[in-house]
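Enquirer: Each chain, letter by letter, is given below.
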Amino acid sequence: GENVEQHPSTLSVQEGDSAVIKCTYSDSASNYFPWYKQELGKRPQLIIDIRSNVGEKKDQRIAVTLNKTAKHFSLHITETQPEDSAVYFCAASRNWGKLQFGAGTQVVVTP
Amino acid sequence: DTAVSQTPKYLVTQMGNDKSIKCEQNLGHDTMYWYKQDSKKFLKIMFSYNNKELIINETVPNRFSPKSPDKAHLNLHINSLELGDSAVYFCASSQDAGIYGYTFGSGTRLTVV
Numbered sequence: 466g467e468n469v470e471q472h473p474s475t476l477s478v479q480e481g482d483s484a485v486i487k488c489t490y491s492d493s494a495s496n497y498f499p500w501y502k503q504e505l506g507k508r509p510q511l512i513i514d515i516r517s518n519v520g521e522k523k524d525q526r527i528a529v530t531l532n533k534t535a536k537h538f539s540l541h542i543t544e545t546q547p548e549d550s551a552v553y554f555c556a557a558s559r560n561w562g563k564l565q566f567g568a569g570t571q572v573v574v575t576p
Numbered sequence: 002d003t004a005v006s007q008t009p010k011y012l013v014t015q016m017g018n019d020k021s022i023k024c025e026q027n028l029g030h031d032t033m034y035w036y037k038q039d040s041k042k043f044l045k046i047m048f049s050y051n052n053k054e055l056i057i058n059e060t061v062p063n064r065f066s067p068k069s070p071d072k073a074h075l076n077l078h079i080n081s082l083e084l085g086d087s088a089v090y091f092c093a094s095s096q097d098a099g100i101y102g103y104t105f106g107s108g109t110r111l112t113v114v
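Residue numbers (the numbering used here), protein chains in the order written: chain A, 466 to 576; chain B, 2 to 114.
Don't read these hints as lab results, they were simulated from the structure.
Glycine is no exception: its CB is placed at the ideal position from the N, C-alpha and C atoms.
Do not rely on the hints blindly, as some may be mistaken.
Just a sample of chain B residues kept apart from chain A, beta carbon distances all over 10 Å, derived [as the list claims (entries may be wrong)]:
#1 Ser49
#2 Asn52
#3 Asn63
#4 Pro67
#5 Pro70
#6 Ser107
Simulated DEER-style distance windows between Cβ atoms [unchecked claim]:
#7 B:Ile56 - A:Glu480: 40 to 48 Å
#8 B:Pro62 - A:Ala494: 23 to 31 Å
#9 B:Gly17 - A:Gly481: 50 to 58 Å
#10 B:Thr112 - A:Ser477: 29 to 37 Å
#11 A:Lys533 - B:Glu54: 29 to 37 Å
#12 A:Pro473 - B:Gln96: 31 to 39 Å
#13 B:Asn52 - A:Val485: 35 to 43 Å
#14 A:Gln479 - B:Asn80: 43 to 51 Å
#15 B:Asp31 - A:Lys536: 40 to 48 Å
#16 B:Asp97 - A:Lys533: 18 to 26 Å
#17 A:Lys507 - B:Ile100: 18 to 26 Å
#18 B:Arg64 - A:Ser493: 33 to 41 Å
#19 A:Gly481 - B:Arg64: 43 to 51 Å
Given these sequences and hints, build the entire structure.
Expert: Printed below as a string of C-alpha cells:
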C-alpha cells in the first residue's frame, strides 16, 4: 500500500519568511496529492491539491510542486503570517484508493 | 449549514462501555470515511463506504463496527471501549472516489477513563 513520509515534523519561521514542507510517496500509481491545514482543535481543511498530470500549482501565497519521477511533492508558503501557524498534512491517493496522510508538520510563525 | 456534521463533539466514558458516533453529510457525496487521529496528530483511515457499501476496512479491532443506513450517513459503533481508543475521530466525505478532496467533519474527541 501507499506510504507517505513528511518532513520536517516541526518548522519555526519568522513572519515574512518562506516555509517549505516536503513529502515522498511510495505508490507510483498515486495520482492525487492534496495538502490539508489543521488549526488547533479544528478539522483538517483542504488548502491546495495537485494531480499527477501537473508539475506545479499556485494559489496566492501557497504553491505545490510535484516530481513524479522522484515521487516527491512539496508545499511552499511565502510571506508567512501568524495565521499560517497550524499543522500541515500532505496526502496521496490513487483512484478509488484511500487517502494516505503524512505524519504532519507543526508550523509556527513568530512575529 | 454544516457540510459534514458529527455528534457528539466530546465523549467521555468508562472502559468497557459501548458508544456510538454519528456522522451526516449534506453535500450529496457518494463516499464517506472514518479517520482516527491519535495524540501525535497522525491521521489514519479506519473505514470507507461508497453508496452504503463497505470499500475500505483497515486493520481495525472488530470492536469497531461502521454502519451506513444511506449514503448521507455513516455511524461508528465501538464496543468494550479501551484506554487506547482515546483519540479524535473524524468523519469525512468525498465525491467521485475522492479526486476532488475530502471534506472533514469537526471531529469527536473520545476520552476513555
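Enquirer: If you test the structure against every hint from before, which numbers come out violated?
Expert: 1, 6 and 15
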